[in-house]
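Those protein sequences? They're chains A and B, same order as listed.
Numbering of the first sequence is given in my numbering, commencing with residue 3 and proceeding in unit increments.
Numbering of the second sequence is given in my numbering, commencing with residue 79 and proceeding in unit increments.
Read the hints as simulated data drawn from the structure, not as lab findings.
Predicted model, so just to flag it, every value in this text is computed and none were measured.
Hints may contain errors.
With beta-carbon atoms standing in for the labels, derived distance ranges [as the list claims (entries may be wrong)]: (1) E293(B) / V86(A): 40 to 48 Å; (2) P240(B) / P75(A): 25 to 33 Å; (3) A54(A) / P107(B): 15 to 23 Å; (4) P240(B) / R89(A): 33 to 41 Å; (5) T212(B) / I90(A): 38 to 46 Å; (6) A26(A) / G142(B): 21 to 29 Å; (7) G63(A) / T96(B): 32 to 40 Å; (8) A26(A) / D241(B): 31 to 39 Å.
Okay, derived cross-link-like pairs now, SDA-like style, lysine to any residue, Cα gap no bigger than 20 Å in a straight line [to be verified]: (9) K294(B) / F258(B); (10) K188(B) / G307(B); (11) K188(B) / E280(B); (12) K294(B) / Y11(A); (13) K294(B) / R49(A); (14) K294(B) / L82(A); (15) K188(B) / R310(B); (16) K188(B) / D245(B); (17) K188(B) / R216(B); (18) K188(B) / R211(B); (19) K294(B) / G63(A); (20) K294(B) / R264(B); (21) K294(B) / E65(A); (22) K188(B) / R264(B); (23) K188(B) / E305(B); (24) K294(B) / I309(B); (25) K294(B) / L80(A); (26) K294(B) / G257(B).
Now the stretches of chain A that chain B is said to cover, found in silico as 3 or more residues with beta-carbon under 8 Å [stated by the list, open to error]: (27) 39-48; (28) 61-69; (29) 76-90.
The C-beta atom is built at its ideal place from N, Cα and C for all residues, glycine as well.
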Amino acid sequence: MTAPAQDGYQDGNALAGPLGELFAVDLTVAECRCAGCGLAGPVASLRLYGPAPGLVARCPGCEEVVLRLVRGPGSAWLDLRGAVTLRIPLGSEDAF
Amino acid sequence: MRRLAWRVAELTAIREETPTARTLVLRVPGWPGHLAGQHVDVRLTAEDGYSTQRSYSLAGPSDGEHVELTVQRVPGGEVSPYLTEVMEVGDQVELRGPVGGWFVWEPAAKTPVLLVAGGAGVVPLMAMIRARRTAGSRAPFRLVYSLRDPGQAYYADELRHPDPGLDVTRVYTRTAPDGFARRPGRLTAADLAGSGRPPEYEPDCYVCGPTGFVEKAAELLVSLGHEPGRIRTERFGPTGG
Numbered sequence: 003m004t005a006p007a008q009d010g011y012q013d014g015n016a017l018a019g020p021l022g023e024l025f026a027v028d029l030t031v032a033e034c035r036c037a038g039c040g041l042a043g044p045v046a047s048l049r050l051y052g053p054a055p056g057l058v059a060r061c062p063g064c065e066e067v068v069l070r071l072v073r074g075p076g077s078a079w080l081d082l083r084g085a086v087t088l089r090i091p092l093g094s095e096d097a098f
Numbered sequence: 079m080r081r082l083a084w085r086v087a088e089l090t091a092i093r094e095e096t097p098t099a100r101t102l103v104l105r106v107p108g109w110p111g112h113l114a115g116q117h118v119d120v121r122l123t124a125e126d127g128y129s130t131q132r133s134y135s136l137a138g139p140s141d142g143e144h145v146e147l148t149v150q151r152v153p154g155g156e157v158s159p160y161l162t163e164v165m166e167v168g169d170q171v172e173l174r175g176p177v178g179g180w181f182v183w184e185p186a187a188k189t190p191v192l193l194v195a196g197g198a199g200v201v202p203l204m205a206m207i208r209a210r211r212t213a214g215s216r217a218p219f220r221l222v223y224s225l226r227d228p229g230q231a232y233y234a235d236e237l238r239h240p241d242p243g244l245d246v247t248r249v250y251t252r253t254a255p256d257g258f259a260r261r262p263g264r265l266t267a268a269d270l271a272g273s274g275r276p277p278e279y280e281p282d283c284y285v286c287g288p289t290g291f292v293e294k295a296a297e298l299l300v301s302l303g304h305e306p307g308r309i310r311t312e313r314f315g316p317t318g319g
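Excised from the complex, chain A in its bound form (with noise of 0.2 Å):
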């Protein structure tokens, strides 16, 4: 049904609506370190492969898998095990 693709793969800001269906804050402006090279930049310069059967993002440094996003029926699945951490921007005002 799909067209071929053009190019491989897009970016991580297509990732924001699928995650914000999970998370309350936009994770595509949070600063992801790769578990594989190191490299840290925003989620949403991750190269993404999908849509199916889900959703994968890979580091643009390295190509490491960082971020799976499977949505299934009644649950979404997500697998972080490629990102060492997740730095995310709030308002200073929330410091503790």
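Chain B: place on chain A using the hints.
Just chain B now, with coordinates in the frame of chain A:
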């Protein structure tokens, strides 16, 4: 902030941009507003329950309950042929958003801006241009718009008479209009150096287009001395539209 939910949107107007692209004006009750550069997910559900969704950039700034999307028809796609050929004023579609806080322009920003568009990648950049106008911003803007031929130009009338402080440079890759000085060809460093904000201005750069275009344009910007941290990119991948 609550988690994202689907809303029902109704098509209120259509503007043809090119023979294969059109702008849809949708009314979304309860729309919370958005920033230029953000996008929405659109979901279609068939009678048998099969549903599929795609992301589309918002083409204009927030205007009450109305939002605009410009959709390019992708032959054989699952969503774009419906949006561009079948959907009529009064029809409804499911939509969720706004989403995406990375590829956005804040109207209060005073920094010079360099926008680099490849084809349909001009959509979120046009939202920034329109948001600049709406906000009365004086931030210097420059748009470098790469397109195959003049017939592919979105927002042609509006960009023919740019707002004060906005420069528009077109780069034709296949066919240029008669008398156009630059020969047709892919975007080069000279296009960006000659017409873009020089790196010394430290512009915020926004690059949007097909993946290959974005990679190349970002590479050229870095080679010209633009700070990688000031370059934000958005790629369409396997559009599958």
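- Message: To test your reading of the hints: which numbers does this structure violate?
- Response: 1, 2, 3, 5, 9, 14, 22, 25, 26, 28 and 29
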